[in-house]
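For the record, the sequence lines run as chains A and B.
Using my numbering, the first residue of the first sequence is number 1, and each one after it goes up by one.
Using my numbering, the first residue of the second sequence is number 1, and each one after it goes up by one.
A portion of the hints provided could be inaccurate.
[As the list claims (entries may be wrong)] Just some of the chain A residues that point at chain B, by a computed CB distance under 8 Å:
#, residue
1, Cys39
2, Phe42
3, Thr43
4, Ala44
5, Glu47
6, Arg48
7, Val123
8, Arg125
9, Asp128
10, Tyr160
Derived from the structure by calculation, the hints contain no laboratory data.
Only a predicted model underlies this, so the values are computations on that prediction, with no experimental measurement involved.
Virtual Cβ for every residue (Gly too), placed ideally from N, Cα, C.
The residues making up each chain are set out below.
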Amino acid sequence: MDERNECTDEPTLGLDGFGRLVLQRPGADSVAGIVPVRCFPFTAPNERISLCDEQGREVHCIPDLAKTGDQTRELIQRELARREFVPCILKINGITPDSEPTSWDVETDRGHTRFLLTSEDHVRRIQDRGVLITASDGVRFLVADRHQLDGQSRKLLRRYL
Amino acid sequence: MKDPLDLGAVRSLSAFEVVGAILEPGERLLASFLSDLDSSRRFRESLLALTDRRLLAFDNVGDRQVTHAFSLVDVSSLTAQDRGGMGTLEASGAEGLLLRWHYTLARASGAAGFLEAFDALRSGRHMDPQGFVSSGNDVEIPEAIQPDAPPRVGTLFRLLRFARPHASWLVLGLVLSLATTAAGLIPPLLTWPMVDDILSPYQEQVKVAREDPTIGEVAKEARLEAMQDKAAEPFAVVPWYLLGMLGSALAAWGLAWGQGWVLARLSERISADLRNTTYAHVHSLSLDYFTAKRTGDLVSRISSDSDRICYFLSDTLTDFTADSLMIIGTATMLFYMDPVLAAATLCTFPLVAWFTYATRSRLTEGFARGYRAWDEMTSILADTIPGVRVVKAFAQEKREVERFKAVNRRIVAANDRVNRVWTFFWPMIAMLNQIGLVVAWGFGAWRVYEQQITVGILTAFLAYIARFYTRLESMTRMAGSTQRAAASAQRIFEVLDRSPSVPEPAQPVHPGRITGDVELRNISFRFGNRLIIDDVNLAIRPGEMVGVVGPTGAGKSTLLNLLCRFYDVSEGSILVDGKDIRSFPVVEHRHNIGLVLQDPFLFYGTIADNIAYGRPHASRSEVVQAARAARAHEFILQLPEGYDSIVGERGQTLSGGERQRISIARALLIDPRVLILDEATSSVDTQTEIQIQEALDNLVRGRTTIAIAHRLSTLRNADRIVVLDRGRIVQTGSHDVLLASEGLYRDLYQAQAQSHQDQDGQPDSAESGPVQSQGIRGDGVHG
Numbered sequence: 001m002d003e004r005n006e007c008t009d010e011p012t013l014g015l016d017g018f019g020r021l022v023l024q025r026p027g028a029d030s031v032a033g034i035v036p037v038r039c040f041p042f043t044a045p046n047e048r049i050s051l052c053d054e055q056g057r058e059v060h061c062i063p064d065l066a067k068t069g070d071q072t073r074e075l076i077q078r079e080l081a082r083r084e085f086v087p088c089i090l091k092i093n094g095i096t097p098d099s100e101p102t103s104w105d106v107e108t109d110r111g112h113t114r115f116l117l118t119s120e121d122h123v124r125r126i127q128d129r130g131v132l133i134t135a136s137d138g139v140r141f142l143v144a145d146r147h148q149l150d151g152q153s154r155k156l157l158r159r160y161l
Numbered sequence: 001m002k003d004p005l006d007l008g009a010v011r012s013l014s015a016f017e018v019v020g021a022i023l024e025p026g027e028r029l030l031a032s033f034l035s036d037l038d039s040s041r042r043f044r045e046s047l048l049a050l051t052d053r054r055l056l057a058f059d060n061v062g063d064r065q066v067t068h069a070f071s072l073v074d075v076s077s078l079t080a081q082d083r084g085g086m087g088t089l090e091a092s093g094a095e096g097l098l099l100r101w102h103y104t105l106a107r108a109s110g111a112a113g114f115l116e117a118f119d120a121l122r123s124g125r126h127m128d129p130q131g132f133v134s135s136g137n138d139v140e141i142p143e144a145i146q147p148d149a150p151p152r153v154g155t156l157f158r159l160l161r162f163a164r165p166h167a168s169w170l171v172l173g174l175v176l177s178l179a180t181t182a183a184g185l186i187p188p189l190l191t192w193p194m195v196d197d198i199l200s201p202y203q204e205q206v207k208v209a210r211e212d213p214t215i216g217e218v219a220k221e222a223r224l225e226a227m228q229d230k231a232a233e234p235f236a237v238v239p240w241y242l243l244g245m246l247g248s249a250l251a252a253w254g255l256a257w258g259q260g261w262v263l264a265r266l267s268e269r270i271s272a273d274l275r276n277t278t279y280a281h282v283h284s285l286s287l288d289y290f291t292a293k294r295t296g297d298l299v300s301r302i303s304s305d306s307d308r309i310c311y312f313l314s315d316t317l318t319d320f321t322a323d324s325l326m327i328i329g330t331a332t333m334l335f336y337m338d339p340v341l342a343a344a345t346l347c348t349f350p351l352v353a354w355f356t357y358a359t360r361s362r363l364t365e366g367f368a369r370g371y372r373a374w375d376e377m378t379s380i381l382a383d384t385i386p387g388v389r390v391v392k393a394f395a396q397e398k399r400e401v402e403r404f405k406a407v408n409r410r411i412v413a414a415n416d417r418v419n420r421v422w423t424f425f426w427p428m429i430a431m432l433n434q435i436g437l438v439v440a441w442g443f444g445a446w447r448v449y450e451q452q453i454t455v456g457i458l459t460a461f462l463a464y465i466a467r468f469y470t471r472l473e474s475m476t477r478m479a480g481s482t483q484r485a486a487a488s489a490q491r492i493f494e495v496l497d498r499s500p501s502v503p504e505p506a507q508p509v510h511p512g513r514i515t516g517d518v519e520l521r522n523i524s525f526r527f528g529n530r531l532i533i534d535d536v537n538l539a540i541r542p543g544e545m546v547g548v549v550g551p552t553g554a555g556k557s558t559l560l561n562l563l564c565r566f567y568d569v570s571e572g573s574i575l576v577d578g579k580d581i582r583s584f585p586v587v588e589h590r591h592n593i594g595l596v597l598q599d600p601f602l603f604y605g606t607i608a609d610n611i612a613y614g615r616p617h618a619s620r621s622e623v624v625q626a627a628r629a630a631r632a633h634e635f636i637l638q639l640p641e642g643y644d645s646i647v648g649e650r651g652q653t654l655s656g657g658e659r660q661r662i663s664i665a666r667a668l669l670i671d672p673r674v675l676i677l678d679e680a681t682s683s684v685d686t687q688t689e690i691q692i693q694e695a696l697d698n699l700v701r702g703r704t705t706i707a708i709a710h711r712l713s714t715l716r717n718a719d720r721i722v723v724l725d726r727g728r729i730v731q732t733g734s735h736d737v738l739l740a741s742e743g744l745y746r747d748l749y750q751a752q753a754q755s756h757q758d759q760d761g762q763p764d765s766a767e768s769g770p771v772q773s774q775g776i777r778g779d780g781v782h783g
């Protein structure tokens with residue numbers, strides 16, 4: 001039963017009246033309320049997308065999003081986009097005070113905001129150049145490439161890496 | 001021990017010398033045991049001797065008087081016990097106790113040898129007609145403890161080994177040091193001719209002209225003016241001298257910069273190499289090193305001690321080289337200018353040298369004491385910070401703070417003591433140097449008066465001597481950091497000098513992919529002087545699952561440690577696919593073994609990294625497969641960052657069952673042929689246990705499995721169950737067979753069935769240590 005979910009065949013996905021994802025399975029009940037979950041959200045965001053039911057059980061797994069049909073991919077991507085909330089930091093205006101907890105004033109792709117960082121342990125590197133910052137309320141902020149930031153932001157961020 | 005030539009039972013006397021006199025004709029000495037306690041348990045050498053006829057006891061080896069003698073016919077048994085560091089040998093006859101003899105545990109292996117010889121004689125299989133067992137002086141100390149010898153500066157020279165790869169930089173640094181010194185020596189050399197050839201003669205002429213009574217005031221003025229004009233010519237050289245001085249100052253600055261940079265770069269690399277080497281070496285040491293060492297102590301050796309050495313190399317050593325070169329340089333200049341004056345003024349130098357030397361040992365000792373206190377402090381930190389939950393739960397914060405304060409007070413006290421010496425030391429040096437200067441002035445004035453030297457020489461001389469003493473002072477100030485570095489170097493080399501106790505084979509046999517056939521052939525294991533595993537025989541077929549149960553202290557965990565080669569067996573051998581595991585390279589042997597521990601350890605890193613720990617290049621698909629089989633996939637998906645979530649210290653907190661499933665996935669991924677489960681389910685609740693059991697079933701399939709279980713119910717699937725008690729196998733069979741027959745297994749099972757509290761039983765991982773509980777049968781069933 002372990003390998004059952006490792007499907008290479010194309011899943012049949014659709015939307016029901018509530019806008020929920022429905023997975024049709026040959027010879028079994030269809031499952032509504034499918035939640036796509038990225039297994040490796042940072043290291044391989046488009047590989048191994050797990051399709052889970054509402055209880056969090058995996059019902060299907062997509063090995064590579066790039067290799068699925070356009071319609072399925074679009075549905076999954078839309079659902080993922082709807083669920084994911086990881087604002088990208090474009091600019092760091094300031095970090096105050098000098099000691100923890102610090103308040104960060106940032107410009108993101110979703111606008112200007114402030115958040116609180118309780119411990120520098122919540123700043124982690126992603127791959128080579130990315131940085132993930134988990135705010136005290138659990139919202140995660142991403143710096144896709146810290147080398148792309150402006151000088152001041154880079155300088156402020158460097159203290160935490 | 002069984003070498004007939006090794007009769008050295010007594011340091012100066014042999015057992016034959018002690019016993020020989022009272023042997024009857026034809027009686028042969030078979031074994032002797034030299035104890036370190038006498039019958040009244042005072043520390044004195046006493047001797048037990050076994051002949052083919054009698055058992056003899058000598059209460060005092062020195063006077064060679066036999067105190068007890070029993071005919072072997074009367075001795076029915078000889079047994080040994082130990083408790084609290086003291087062992088007791090008891091000889092009993094049919095009537096009762098005949099003889100009770102004591103020894104400390106340092107001689108325990110000797111007692112065991114003596115006992116063996118007695119048993120061998122009893123069973124009529126004496127090993128060798130000429131054989132003789134002399135026991136007692138083969139004191140085994142598995143972890144030799146180094147005495148706290150004061151650190152020696154000589155240890156620092158051992159650092160040269162780490163400098164060798166950077167030899168070119170070292171040479172460059174030294175050349176730069178030399179050049180810097182040379183540049184620093186130039187200015188006084190330029191003032192000398194300036195004073196003697198230009199300034200002094202001119203001043204002399206002016207003075208003579210001024211005080212000449214033969215001419216009038218007006219003429220005097222004219223004459224002085226004329227002299228000034230005339231002097232313009234020699235004075236024209238002065239700017240060149242000044243330029244020379246300025247130039248040498250600039251050169252010294254530039255060279256010192258280069259020298260500092262080169263040596264700092266060098267020292268950074270040396271200390272990085274030192275850290276790497278030490279850390280790599282620590283990993284090559286066997287498990288018992290880590291059980292014996294405090295974590296804080298090791299951490300501080302690798303981190304702060306190497307840092308202290310780096311500081312010494314970059315700062316102190318640079319200054320030291322520069323200073324010693326400068327001192328040699330100035331001394332040479334002094335002797336060149338005026339040897340008599342130089343000899344007189346440097347008279348305080350030997351005094352300074354002696355004083356530094358005398359203070360050194362006191363400083364060294366003081367610093368070493370400070371470090372030990374510092375270690376204790378880091379140990380407390382390493383202890384209480386991970387254990388903070390226990391501290392809080394028992395509301396012992398205050399006590400812990402007090403404990404910390406107490407150690408801190410010790411640090412302060414140790415440092416206070418050394419600071420007292422220290423702070424007295426360098427003002428003393430400064431004063432001696434001042435005295436040296438006074439001597440130089442006084443003697444210099446006298447030499448000028450005697451017309452031996454010119455004022456120019458004296459000026460230059462004083463400039464040099466001032467330099468000499470400044471440098472000397474700064475050098476003596478370095479004594480402190482040199483001693484500190486020496487203490488640090490010694491601590492690091494203590495680690496580096498320890499050789500791994502699980503040796504690599506000289507001619508390794510490569511196990512390759514094994515079938516999983518495991519055989520324990522007559523294995524025994526002693527930890528220190530304790531016999532933990534006693535002649536265990538067990539053959540396990542490929543793919544078989546064997547459960548190991550037994551009370552705490554039965555030797556279960558030790559057995560696993562031996563299988564993993566964390567330790568080597570004392571006697572017998574462990575065979576995998578028919579080959580002794582000691583003939584395999586340790587790493588290759590362990591590649592074939594999957595280990596799932598009771599309390600799995602996750603490293604700081606992502607879940608994917610943790611699963612792929614044993615096979616870092618596993619593909620993502622393999623990682624996910626392993627996690628699925630280990631029933632970990634779905635809870636991992638619930639984490640916000642999936643397989644990219646950070647776990648371990650400072651990371652995402654996972655429950656015990658979740659961590660256990662990750663560790664099972666880790667073992668699955670390396671696809672080992674032999675699987676070892678050490679109480680894999682005992683730290684979780686029943687619900688989680690079911691999930692883990694499912695995961696384990698996937699893991700166990702098709703592999704040779706050896707499982708220690710605390711809950712007997714988890715071993716229902718085992719093909720065979722082995723019951724260990726006090727290092728021996730007492731029962732073997734399937735669960736049902738064992739339950740049907742009377743014995744320890746049924747006792748254990750019933751005890752568990754009655755008491756439902758067995759679920760939070762004590763983990764008995766400590767049993768691999770030297771403590772073996774006695775008389776545990778029937779009570780305290782944890783196993």
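Okay, which hints does this one fail, numbers in order? Numbers 7, 8, 9, 10, in rising order.
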